[in-house]
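K.L.:
Now for the letters of each chain:
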Amino acid sequence: MTDRLRRLGRRIAVAARRVLRVAKWESARASGGVDRKTLAAGVALLLVAGGVVGVGVATGVAGLDVDRDVYRVGVDPGSPYADAIEAEPSLRAVSAGRASLGDTADAVVVTVVRPGSEDGGAIDPGDVESVVVRATDTQKGEAAAASVREAVEAHNERLMRAEPNRTAAFPVTVTLRYVGRTTGFDEGTTLGGDGDQTSDSDGSTGGGSDGGDGGSDGEGGSDGDGSTTDGVGSVGGSDGSDGDGGFAVPSIGGAAFGADTVGSPGSITPPFPFTSLLLAFVFLVPMNFLIQAYGSSILDERTNRRGEPLLVTPLSPAEIVAGKTLPYAAAAAVVTTLIALAVGGGALSVIAVAPVAATFLGATFVGAMFARSFKELTFVTVGVSVLLTTYAFVPAIFTNVTPVALVSPLTLVVFDLQGEAVSAGEVLFSTAPMAVGAALLFGLGLGVYREEDMFSQKPVTRKFLDALAVRLSPVPTGGAPLDRRRLRALGGVAFLTACTIPFVFVAELLAVAVLFALPVTVSIPVLLVTIAFIEEVAKSVGLYAGFERGVFERLDGVAAGDGDGTLRVALAVGLASGTGFFLAEKATAVVQAVGLTDLFLGRAAFGDVAGLSGLPPLALAALFFAPLALHAVTTGLASVGASRGRTAYALALTLATLGHAAYNAGVVSLG
Amino acid sequence: MIEVSGLRKTYGDFAAVVDSDFAVDDGEVFGIVGPNGAGKTTTLKVIAGLVEPTDGEVTVAGFDASDPEMRRHLGFLPEESPLYEEMTALSYLRFFADLYDVPREVADERIEAALDRLELDHRERRLGDVSKGMKRKVAIARSLVNDPDVLVYDEPASGLDPVTTNSVLAFTRELRETGKTVVFSAHNLYHVESVCDRVVVMNEGRIVARGSVDGIRERHGETTYRVFTDVEPTATLALADLDAATAEVGDRYRTTVPDMDAVAAVREAVADAGGEVVDIRSREPSLEDVFLDIVGRPMPGRFTGDIGDDADGDEDDGADRESDGGGDGDEGAETAAATATEATE
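For the record, the sequence lines run as chains A and B. To convert a position in the first sequence, counted from 1, into this note's numbering, add 538. To convert a position in the second sequence, counted from 1, into this note's numbering, add 2.
Some hints here could point you the wrong way.
As the list claims (entries may be wrong) - From the structure, some residues in chain B lie toward chain A, with a derived Cβ separation under 7 angstroms:
#1 A50
#2 V53
#3 Y86
#4 E88
#5 F97
As the list claims (entries may be wrong) - Just the calculated beta-carbon pair ranges, DEER-fashion:
#6 V998/A with D69/B: 27 to 37 angstroms
#7 T225/B with R1000/A: 45 to 55 angstroms
#8 D216/B with R1000/A: 40 to 50 angstroms
#9 L1020/A with R10/B: 26 to 36 angstroms
#10 R10/B with L1161/A: 45 to 55 angstroms
Hints in this document: simulated from the structure, not taken from any laboratory. Think of the CB as a built atom: it goes at the ideal place given N, C-alpha and C, for glycine as much as any other residue.
Could you put together the complete structure from these sequences and hints?
P.N.:
This is the structure:
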């Protein structure tokens, strides 16, 4: 045991030494490949970009007040508005007596007092008859007037807050509580039907009525009844009187999707974490530079077989790739840490960005291994950049709204910058899919990091199939059912499919995040089919690769009479793949940890049997294993199609998707 | 030092190497020759552990070719030698020495020695700025940084100018003197002839001949006689039996025959036709002719001249094959027979 551990330790040390050597030389190479002028230009660009971002960030964070003294407002020092204008940074008070509208002032506050009350000094508020704000008839004048209005409202608000008698100052108190969106569909009522307008007294759980009157919540929103003021950040539906009091989101009015629309993120009024989001986005910017350099380095190894000599050294492909990746990963870590320090983020920000950086690098590695030229690599890096930036950034917009936002690790950064605590489950949920996905992407690319694939000019799709097929072994057709070789081969199939789970998870989360904004009448059917398609592709694409690359024998490739054997193999690998998927799928139970299944879309996507706890154990067991039966049947179907060619595979995949979607719909209606 | 047994490599439906067997002794310079697509490079890459065989076994220095440890004993020179162009020759070679765990002082000694012998200057110049010949020399030096027992060189002198070619070939010959085992592929038969002790000839993935260069020449390339006449010889039964081939060359006719008896038969046939023999020339076979005789087609890109007349594409002497190394006589004969069929087709 000790010897074994010692050997293992020695092996790890040797591997680490090799990786560091490659990393050292890769760093030297990478720096040698850029001449000083290009480097200087790059640094200059980065500084300019950093400066622009920095100014933007500083404006929001450090309060540099670049909008200070934008408008000049003429106001008497004794005017009751004088203090309000003094307190507003964007306004600069000038003496009303010397102010000339359009010349030395953009707006003038004219205080009309009762005749005879002027004493040449301070104005007694009781003597004020009216106050008029006059502005120049220009856009700037209008803006100045609006600013004066806002300044006065804010000033009044401050005065009210300072009032010792709170009840007198605020006779109506509104308590806001944001809850998860509920729908008529969720509660089993008919969408678009007449709502019963019932609601709880606190207005927080009246989800059953939203579909009824077509934007009832909109009527009850802040714009509608005017019962609350913007100044305290009130939101629609807060009074709970419209039967939709549970909604933090006002209706979008059904403009796009009909009157049964219950609201969209566009109409959400909870605090939009603009500054934190902007700062979080800064973490993503350097990734784009890194992947350009990294992708070029990987493709450079493949160009003209430049990397072939490395393959005949004692280093394994994994050591070579790790060594080549390490400098870029280290650069990402350093830059991320520096940004975190600069914007006030902590360790959580660095932890959150790490899997994003790893995924950027992993996706670029695969892309660079599949690309046939630098032209194709450009498409790859741009695609990776756009896709991952979207995936990381868009959900983070909803940080304060919904657990869907935790799909993106960037949401953790926003939380970190806002100083909010997050649970370990939330960190795991947010980072694990991308971290595992990144590892699997590297594994996928490593599958073709060999002479036979690295230097060939195959199309990307063929390379992708090669990368999958290289992980599979032929399934023997004869012998005992539990033959070791057969079990190993089927185990390989199950493992390969299980490895797709992080990507499936990410794709489904993305689908949820994208469809979240749509009304449920549209989003649910689309989501059910989308998810079925994603899962069916994940389960069968490896099998298709196996048949396409000859690992599993196709029907047209076997002698007459051996067709049954091919069919048996197709069904066996289908069953193995379905089982692997089922087992791995159970690992996605982490979504429960963050309450994603509280969302209706989350439940549709990831299932939730929590509401079925009243069922007998046998029924629960049947429900638990029902997905296994589903995956086995649909994957078996797709596998048989794959064993017969591309067209048959496409047809079988379509059928499997439809069957899967029907099953999903059944589960959703049960739930 | 190298054992190749039952090697087979297929890419989909395409068989790159079929049932290949041979062995290379310690300190031997062994050549693999054949036209483009014959399977030479694939064979070398399997030996170097770069390509996994579909079937068969390959051992190098006592290790399986797929064993990463084997690579410590191997130096490989691929057909093309694009290097990391942003590095200098010295830094490039030190990098590879590092990967083989060669201590810096030892590495520097080896690098200096190799570069001195290869007469490589501009060691601190970026590799992107040096000539193709220089790059080739750097690549050769790279194959030596780990002081390997076995060197696998794929077309080492391909595309180089004559001076550099001679330099590279001379260096390869010297390697033998230092006890290195070299496996060497080429489709330029002069290179093979000038360097190799033994060769195998490959065609369409199969070994179609093997042995020493002289042995193969003796077996496959016989001295021929060219009889030039002023009229076309009458097609007599005797000439038909000799399998003589006649071609019109300018205002004369040239009949190629295998021996002096046949020359006499041609003389008689020409006399019958009312003409006479105006010239007789004997011709020693080059390895080029031998190759042509074996594979049934000329070397790609090589001047074939009139030797095309000599080609009969017939591979009827499989029994002549040596069964040295890992192969046996029966397998050799079968291989030759199969090749004969393909060549005829």
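K.L.:
With reference to the structure, classify each hint as holding or not holding.
P.N.:
Checked hints:
1. The closest approach between the C-beta of A50/B and any C-beta of chain A is roughly 5 angstroms, which is under the 7 angstroms cut-off, so the hint is satisfied.
2. A least Cβ separation of about 6 angstroms between V53/B and chain A falls short of the 7 angstroms threshold, and the interface hint therefore holds.
3. The closest approach between the C-beta of Y86/B and any C-beta of chain A is roughly 6 angstroms, which is under the 7 angstroms cut-off, so the hint is satisfied.
4. About 4 angstroms separates the beta-carbon of E88/B from the nearest beta-carbon of chain A, less than 7 angstroms, and the hint is met.
5. Because the smallest distance between the Cβ of F97/B and any Cβ of chain A comes to about 5 angstroms, under 7 angstroms, the interface hint for this residue holds.
6. With their beta carbons about 32 angstroms apart, V998/A and D69/B fall inside the hinted range of 27 to 37 angstroms.
7. Take T225/B and R1000/A: their Cβ atoms lie about 52 angstroms apart, and the range 45 to 55 angstroms holds.
8. The hinted range of 40 to 50 angstroms is satisfied by D216/B and R1000/A, whose Cβ atoms lie roughly 47 angstroms apart.
9. Evaluation of the 26 to 36 angstroms hint for L1020/A and R10/B yields a pass: the beta carbon distance comes to about 31 angstroms.
10. For R10/B and L1161/A, the Cβ-Cβ distance of about 52 angstroms falls inside the hinted range of 45 to 55 angstroms, so the restraint holds.
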